[in-house]
Amino acid sequence: MSKHHVTTTLNGNAVEFLCETQQTLLEVLRDELHHTGTKEGCATGDCGACSVTLDGRLVCSCLVLGVEAQGKSIQTIEGMAEGTSLHPLQRKFLEHAALQCGVCTPGILIAARALLERNPDPSEEEVRFWLAGNLCRCTGYNKIIDAVLDAAHEMRGG
Amino acid sequence: MSEIRYESPKTLKAAVALLAGASGQARVLAGGTDLLIQMRAGRVSPGLLVDVKGIAEMTAIVAEKGGFRFGAAATCMELVEHAAFAQAWPGVTDAVKLIGSVQVKGRASVGGNLCNASPAADSVPALIAAGALARIVGPRGKRDVNVEDIPTGPGKTSLAEGELVASFFLPRRPARSGDAYLRFTPRTEMDIAVVGAGVNLTLDAKGVCKQARVSLGAVAERALLVPEAAAALIGSKVDEAALQRLAAAVSAACRPIADKRGTIEFRIEVAGVLARRAAGIALERARGNS
Ligand code: FES
Ligand code: FES
Numbered sequence: 001m002s003k004h005h006v007t008t009t010l011n012g013n014a015v016e017f018l019c020e021t022q023q024t025l026l027e028v029l030r031d032e033l034h035h036t037g038t039k040e041g042c043a044t045g046d047c048g049a050c051s052v053t054l055d056g057r058l059v060c061s062c063l064v065l066g067v068e069a070q071g072k073s074i075q076t077i078e079g080m081a082e083g084t085s086l087h088p089l090q091r092k093f094l095e096h097a098a099l100q101c102g103v104c105t106p107g108i109l110i111a112a113r114a115l116l117e118r119n120p121d122p123s124e125e126e127v128r129f130w131l132a133g134n135l136c137r138c139t140g141y142n143k144i145i146d147a148v149l150d151a152a153h154e155m156r157g158g
Numbered sequence: 001m002s003e004i005r006y007e008s009p010k011t012l013k014a015a016v017a018l019l020a021g022a023s024g025q026a027r028v029l030a031g032g033t034d035l036l037i038q039m040r041a042g043r044v045s046p047g048l049l050v051d052v053k054g055i056a057e058m059t060a061i062v063a064e065k066g067g068f069r070f071g072a073a074a075t076c077m078e079l080v081e082h083a084a085f086a087q088a089w090p091g092v093t094d095a096v097k098l099i100g101s102v103q104v105k106g107r108a109s110v111g112g113n114l115c116n117a118s119p120a121a122d123s124v125p126a127l128i129a130a131g132a133l134a135r136i137v138g139p140r141g142k143r144d145v146n147v148e149d150i151p152t153g154p155g156k157t158s159l160a161e162g163e164l165v166a167s168f169f170l171p172r173r174p175a176r177s178g179d180a181y182l183r184f185t186p187r188t189e190m191d192i193a194v195v196g197a198g199v200n201l202t203l204d205a206k207g208v209c210k211q212a213r214v215s216l217g218a219v220a221e222r223a224l225l226v227p228e229a230a231a232a233l234i235g236s237k238v239d240e241a242a243l244q245r246l247a248a249a250v251s252a253a254c255r256p257i258a259d260k261r262g263t264i265e266f267r268i269e270v271a272g273v274l275a276r277r278a279a280g281i282a283l284e285r286a287r288g289n290s
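The listed protein sequences correspond, in order, to chains P and S. The opening residue of the first sequence carries number 1 in our numbering; numbering runs sequentially from there. The opening residue of the second sequence carries number 1 in our numbering; numbering runs sequentially from there.
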């Protein structure tokens, strides 16, 4: 059997790729489409480093098959900044030093953006619960939470 | 690795034909949050994946006969974000909310939670307590089955070859009804139930419990419906004496294993405590729902 020919939208651009059934969306993004911003931490759905949105839904791309992306719209970290201007979440992560090694950061930024799209004014507890699926080995989380709350504040125009 | 065929049928009929006609091992692919991990670990190696997310009945959440029908492949996030569903079935909603992270819930389905047949699956005791019916579709047509009759042991279900769970039906709720699900885990999030307890009850106009269902997770090889525990509540005002009888009946029904997450004695004790607390929450909800 030949490979699947998949057409999909990646950060607003139409793309197509070939993949085997068992190739995950994470593998396709990194190895076929050369978008290496999305990271692999565990490949078992536990760490959230591979977080992307699929038709607006936050998912682990390691738990999605590439072939399942047919006709869908994918958002990854590469689509977050507008040209050279960073998304407020990205800026606040820098200001608050909310990253060290950075492996968890693309996934956390994507997850945090998905939260703020649904809930522009989350409590600290809501941020912590929403990001429970994103593990970070470096920062101890507090700076991440502070950065998300500060970005939310700024995005509300505060 | 041998090639895996992938199909995404648009109708239940086509899905059943694919499953029934498969020569090797065929698997239903809903959210994939269990299946893809099992495939990568080499625990299953299907020759055919039938992706059911393109089938309208398997993903829709609709009103039916005053109750709800939701597709077995509807994502957990869609279910918990459905305001009317959450209002009618707060206990089921609480249980579904406990399934993994936001990311996992963005893919995972209640049908998958049931058919993966982990004894610790959070949504299953809540559905059993709620009296949910699963609609099974297969080569010989469709049948509606109580959820408690589907899991038979770890990783095993009563589904026949070529059958799949298409949807779940939750009946209309009488007035003065409430449900609740609680689980014990060492961490507050991202953990697997050491014990789970679901309670669903209905009061009469005088506040006497006239109907109840109690279900337990992670204390046996499958989720249990415990009629003796329900009997402890029925006819009472869910007072202290009834709650004590409930806890005793629940503990008596447990036949757990001991593992690194909990000993047998611990699980038996905690099951009684959780069932009492869940009954208390269900009672509050029933009183507020007249
Ligand atoms: S790599 Fe996907 S959750 Fe860890
Ligand atoms: S910054 Fe290193 S894992 Fe989060």
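Accuracy of the hints is not assured; some may be wrong.
No more than 25 angstroms apart at the CA atoms, straight line, and that leaves these computed lysine-lysine pairs for DSS-like [to be verified]:
hint, chain 1, residue 1, chain 2, residue 2
1, S, Lys10, S, Lys53
2, S, Lys10, P, Lys72
3, P, Lys3, S, Lys10
4, S, Lys53, P, Lys3
5, S, Lys156, S, Lys210
6, S, Lys142, S, Lys13
7, S, Lys210, S, Lys237
8, S, Lys142, S, Lys65
9, S, Lys156, S, Lys53
10, P, Lys72, S, Lys53
11, S, Lys156, S, Lys13
12, S, Lys53, S, Lys13
The hints are simulated quantities; they were obtained by calculation from the structure and are not laboratory data. Keep in mind the model is a prediction, meaning the values are calculated, not measured.
Inset, instruction - Take a quick look at whether S/Lys210 and S/Lys237 sit within 25 angstroms of each other, Cα to Cα. - result: holds, 9 angstroms
Inset, instruction - Sort out whether S/Lys53 lies within 25 angstroms of S/Lys156, counting only the CA atoms. - result: Given that 25 angstroms is the threshold and the Cα spacing comes to 22 angstroms, the pair holds.
Inset, instruction - Below or equal to 25 angstroms on CA atoms is what counts here, so check S/Lys156 against S/Lys13. - result: holds, 24 angstroms
Inset, instruction - Assess, step by step, whether the Cα of S/Lys53 is no farther than 25 angstroms from the Cα of S/Lys13, and give holds or violated. - result: holds, 14 angstroms
Inset, instruction - Would you mind confirming whether the straight-line C-alpha gap from S/Lys53 to P/Lys3 stays at or under 25 angstroms? - result: holds, 21 angstroms
Legend entry - Agreement of P/Lys72 and S/Lys53 with the hint, judged by alpha carbon distance not exceeding 25 angstroms: Roughly 13 angstroms separates the two Cα atoms, so the pair holds.
Inset, instruction - Decide if the proposed pair is consistent with the structure: P/Lys3 and S/Lys10, CA atoms, cutoff 25 angstroms inclusive. - result: OK: P/Lys3 and S/Lys10 at ~21 angstroms, within 25 angstroms.
Inset, instruction - Would you check the hint for S/Lys142 and S/Lys65, treating anything up to 25 angstroms between C-alpha atoms as holding? - result: holds, 19 angstroms
Legend entry - Given hint S/Lys13 paired with S/Lys142 - CA-CA distance at most 25 angstroms: Holds, because 11 angstroms separates the two Cα atoms, which is no more than 25 angstroms.
Inset, instruction - Take a quick look at whether S/Lys10 and S/Lys53 sit within 25 angstroms of each other, Cα to Cα. - result: holds, 8 angstroms
Legend entry - Distance restraint between S/Lys156 and S/Lys210, which requires alpha-carbon spacing of 25 angstroms or less: Answer violated: S/Lys156 to S/Lys210 is near 34 angstroms, above 25 angstroms.
Inset, instruction - Decide if the proposed pair is consistent with the structure: S/Lys10 and P/Lys72, CA atoms, cutoff 25 angstroms inclusive. - result: holds, 16 angstroms
Going down the numbered hints, you'll see the structure goes against just number 5.
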